[in-house]
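Construct all of the structure, not just a fragment, from the sequences and the given hints.
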Amino acid sequence: MSDTTHSSQVNWRTWFAFLVPSLIGVFLFMTPVPEGEGMTIPIAKMSKILQSWTDPFIHALILTIVCITGVLSVVVKVFKPKPLLKVDLVRHLFDVSWLWVVTRLFGMAFIIMTFFQVGPELIHSKATGALVLHDLLPVLFSVFLLAGLLLPLLLNFGLLELVGTLLTKIMRPVFGVPGRSAVNCVASWLGDGSVGILMTSRQYEDKHYTQREAAIIGTTFSAVSITFCLVVIGQVKLEHLFAPFYLTVCAAGIVAAIIVPRLPPLSFKKNVYVDGSTHNEDSETVPQGKTLFGHSLDVALDKAHKAPGVSGTVKEGVCNALDMLFAVLPVVMAVGTFALIIAEETPIFQYLGQPFIPYLELLQVPEAAKAAETIVVGFADMFIPSILASSSIESDVTRFIIAALSVTQLIYMSEVGALLLGSKIPVNIFELFAVFILRTLVTLPVIALMAHWLVG
Numbered sequence: 025m026s027d028t029t030h031s032s033q034v035n036w037r038t039w040f041a042f043l044v045p046s047l048i049g050v051f052l053f054m055t056p057v058p059e060g061e062g063m064t065i066p067i068a069k070m071s072k073i074l075q076s077w078t079d080p081f082i083h084a085l086i087l088t089i090v091c092i093t094g095v096l097s098v099v100v101k102v103f104k105p106k107p108l109l110k111v112d113l114v115r116h117l118f119d120v121s122w123l124w125v126v127t128r129l130f131g132m133a134f135i136i137m138t139f140f141q142v143g144p145e146l147i148h149s150k151a152t153g154a155l156v157l158h159d160l161l162p163v164l165f166s167v168f169l170l171a172g173l174l175l176p177l178l179l180n181f182g183l184l185e186l187v188g189t190l191l192t193k194i195m196r197p198v199f200g201v202p203g204r205s206a207v208n209c210v211a212s213w214l215g216d217g218s219v220g221i222l223m224t225s226r227q228y229e230d231k232h233y234t235q236r237e238a239a240i241i242g243t244t245f246s247a248v249s250i251t252f253c254l255v256v257i258g259q260v261k262l263e264h265l266f267a268p269f270y271l272t273v274c275a276a277g278i279v280a281a282i283i284v285p286r287l288p289p290l291s292f293k294k295n296v297y298v299d300g301s302t303h304n305e306d307s308e309t310v311p312q313g314k315t316l317f318g319h320s321l322d323v324a325l326d327k328a329h330k331a332p333g334v335s336g337t338v339k340e341g342v343c344n345a346l347d348m349l350f351a352v353l354p355v356v357m358a359v360g361t362f363a364l365i366i367a368e369e370t371p372i373f374q375y376l377g378q379p380f381i382p383y384l385e386l387l388q389v390p391e392a393a394k395a396a397e398t399i400v401v402g403f404a405d406m407f408i409p410s411i412l413a414s415s416s417i418e419s420d421v422t423r424f425i426i427a428a429l430s431v432t433q434l435i436y437m438s439e440v441g442a443l444l445l446g447s448k449i450p451v452n453i454f455e456l457f458a459v460f461i462l463r464t465l466v467t468l469p470v471i472a473l474m475a476h477w478l479v480g
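So the mapping is simple: the numbering used here equals the position in the sequence shown, first residue as 1, plus 24.
Derived DSBU-like pairs (lysine-lysine); straight-line CA-CA distance at most 35 Å: (1) K339 to K69; (2) K231 to K106; (3) K231 to K72; (4) K261 to K69; (5) K106 to K339; (6) K72 to K261; (7) K101 to K293; (8) K293 to K448; (9) K231 to K314; (10) K448 to K101; (11) K330 to K314; (12) K110 to K448; (13) K339 to K294; (14) K339 to K448; (15) K231 to K69; (16) K448 to K150; (17) K330 to K69; (18) K261 to K150; (19) K69 to K150; (20) K448 to K294; (21) K193 to K448; (22) K293 to K339; (23) K330 to K193; (24) K330 to K110; (25) K293 to K110; (26) K193 to K69; (27) K231 to K293; (28) K339 to K101; (29) K72 to K330; (30) K193 to K314; (31) K294 to K104; (32) K106 to K448.
Read the hints as simulated data drawn from the structure, not as lab findings.
Owing to the predicted nature of the structure, the values given are computational and were not obtained by experimental measurement.
Listed below in C-alpha cells is the structure:
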C-alpha cells in the first residue's frame, strides 16, 4: 500500500473499524478470566453457559443436524438438484466427495444407534458412541456456534495482520509459518483446540496460509487448553504438580513445533494456496524506509479499511458456524466412535505400543511395559491414557510422563483428528497418524527428562 493511499484511507472510521472489533475479539478469544480454581477465556465460558441452556434438547438437535447432513449430502451427490445447487451455502456444505458422503452416512448411522440405544452395543456403549454424543458433541456444538459467529471480529479487522507482520521474523525462521499463526496458538492454549482449527481452516480457505502452513498450524499449534490440562493432571492424581506439568507440556510442545514440521509428511506438503497459486515471499518483507511496527500498522489499517460492514460480518459468522456444525459434527461422530471402538474392542493399540517398550526403558521410565500400552491409544482419545494410567500404574514419574505425553501428542481422533479431517486443511488420516507418532518420539525424551528432574 502506498503512502498516498494510506493517508487517504486512514481516518477515524478506519481506526474505529480496526480497534473496536479487534479489541472485542481479543477479549473474547485471548483474555484469561478466572473459572473456579483455573482460568479460561470468555468464549469458552459463554459456550458452557450455552451448553447448560441447550442441555434439555441438545442431543436431539445434534441428531437432527447429523441426519440432515447425511441425507442432503446423498441427495445433492446423487440427484444434483439444480435449485439447491444454485445456493452457494448448500453447494459448499453438501456437494462433497464420495469419501465424505460415506463418512457422513456412518456418522448418521452411529448417532441414530447411540441416541435410540439400538443395534450393536459396541457402537453405542458408554465408552464409544455415547462418549462422543454425550460428552464431546455438546461441547463442540456450543464452541462452534459461538466461535463461528464471533471469529470474524478476530479475523477481519486487521488484528491478525498487525500481529502477523510483527511476529513473522520469529515464527517464520523458527517454525516455518506466518506470524499470524501465533494468534491461533494463543486462542487454542487459553480456550480450546477446536477454536484454533476453526481459525486455521478459515484462513486457509481465505488464502492466508498455504497447504504446508495450514497442515503445520493445524497439527502443531491447535494446542490443548490450560483448562483441559488441569483435567488430565487431576485424572492421574498429581494436581499438586500442575506447575511443573504445564512447564513440561510447553517445553515439549515447542521442541515438537520446531522439529516435526521439518520432517515428512508435513515437509512434503506443497507451499501453494488452496487455489493452487504460489506463495508470495515478498508479502512478508518490510518496505524500505519503514519500521517493522509502522509497516505492521499500515497493513492492519488497510485490512480494516476493506473490512465488510456489520451485515457482511454477521453473514460470514453465520456461514462459519453452519460450516462447522454441518460439516464437522458428523465426521467427529463417525471417526471418533470408530477410533474408540478399535481402542475398546481390539488389542491393536496394545500391539502398536510394544515397540515403545525399549524406548521407554532407554529413557529409564518405571513400569515401561504398562506405560507402552497407553502410548498409541492416545490416537483414539486424549483422555484414555490418563484413565488407564490412573488405574494401573503406581509410579508418580510414569503417570506424570503419560499425562504430559497425552497432551503433547495433540492428534486424537475423537476431536482434533476428526476436526482436521472434516475441515478443508489438506491432511489425511495416515498423515495424522504419522504426525502423532513423530510427536510421540520427539516429545518423549523431553518429558522423561523433565519428569526425572521435577518429579523423580
